[in-house]
Amino acid sequence: MTSTPEGSESTGSESTVPAIAETVASSHHVPATDPAAEAAAEAGAGPDGRPAPGPAASSELLIITGMSGAGRSTAAKALEDLGWYVVDNLPPQLIAELAMLAATAEPRVPRIAVAVDVRGRSFFSALADAVSTAENSGIRTRLLFLDATNETLVRRFESVRRPHPLQGDGAPLDGIREERRVMGELRGNADTVIDTSRLNVHELASKIIALFGDAGDPAIRILLMSFGFKYGLPLDADQVVDMRFLPNPFWVPELRAHNGLDQEVADYVLSQEGAADFVERYALALQPVLAGYVRENKRYATIAVGCTGGKHRSVAITELLSQKLEGDGVAVTTVHRDLGRE
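At position 28 of the sequence shown (counting the first as 1) the number is 28 in the working numbering, and the numbers step up by one without a gap.
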């Protein structure tokens, strides 16, 4: 089910969320001890002659579990925004195999998170076996348990008008108590426990980002797109700016065949009155906007820069704006949607 955490206490260490400006500012190798083992290692096999595990030592597996309604879906989405490969509701019996496949894939998947619903003793045993297998293969494995008070969980189930998966013919509280009994040992073995009773979805996502984001992860990713109004507005743009207030290089014969990536066109566009000033002011105006996006856990945004045909003015301005925005926790990808359509 989709969890709706309402409100906050946590155990486990926390790290700092990357920031934009001030507001926006996550192998085990055993050397061979005899010639036979060395030869086996060089041949890609273990000391016993069987194929050695793949390069899993630098891989990381995070298992997300906990009480139904405590926020597993919110946690999974936050991890996905951080770049983790996330699988929801995977049977515990398949976790170790998935982790090994991800670690040996090309390109390798360094961080994988699995949201697991553990309600029965057989699933609990399978999860313990999966963790043991992954760790023995050199995969760093952590268990995140999401919890909330009984009163909070009852209120959440009532708000979405859905039964607890274990309540049967009883009330939601009956199912919650049964699930808590089954999950007690698993909670005790967790590396990190987050009580989401006092957290809303944004606060829970922020806590997940703080705990499991890398220091080098950008706080927000911007897709900066030039386009031509004659071909239509980008449907997914969060912001649209119009560069048609600048003179059009199309009417300069020696520039018509060129585009905004060419230096002579860029020089012409940026030398026009108001062009460079606009870029400076707009980049500054975006700082509090991007900081607000991060506070609301909006990890991606699209900014569209338009001119008539998407060939000259919008391309040159997009390139300069990209340089101004990159850095301070912002990763920018530049796309020129309509370049080459004429």
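Hints should not be assumed to be uniformly reliable.
[As the list claims (entries may be wrong)] No farther apart than 20 Å at their CA atoms in a straight line, the calculated lysine to aspartate or glutamate pairs in the EDC-like style are these:
| id | residue 1 | residue 2 |
| --- | --- | --- |
| 1 | K298 | E273 |
| 2 | K324 | D242 |
| 3 | K324 | E254 |
| 4 | K298 | E151 |
| 5 | K324 | D214 |
| 6 | K298 | D214 |
| 7 | K298 | D236 |
| 8 | K298 | D217 |
Think of the hints as simulated: they come from the structure by calculation, not from any bench. Small disclaimer: the values here were computed from a predicted structure and weren't measured.
**Message:** Hints numbered earlier in the text: which of these fail when held up against the supplied structure?
**Reply:** 1, 3, 4 and 5
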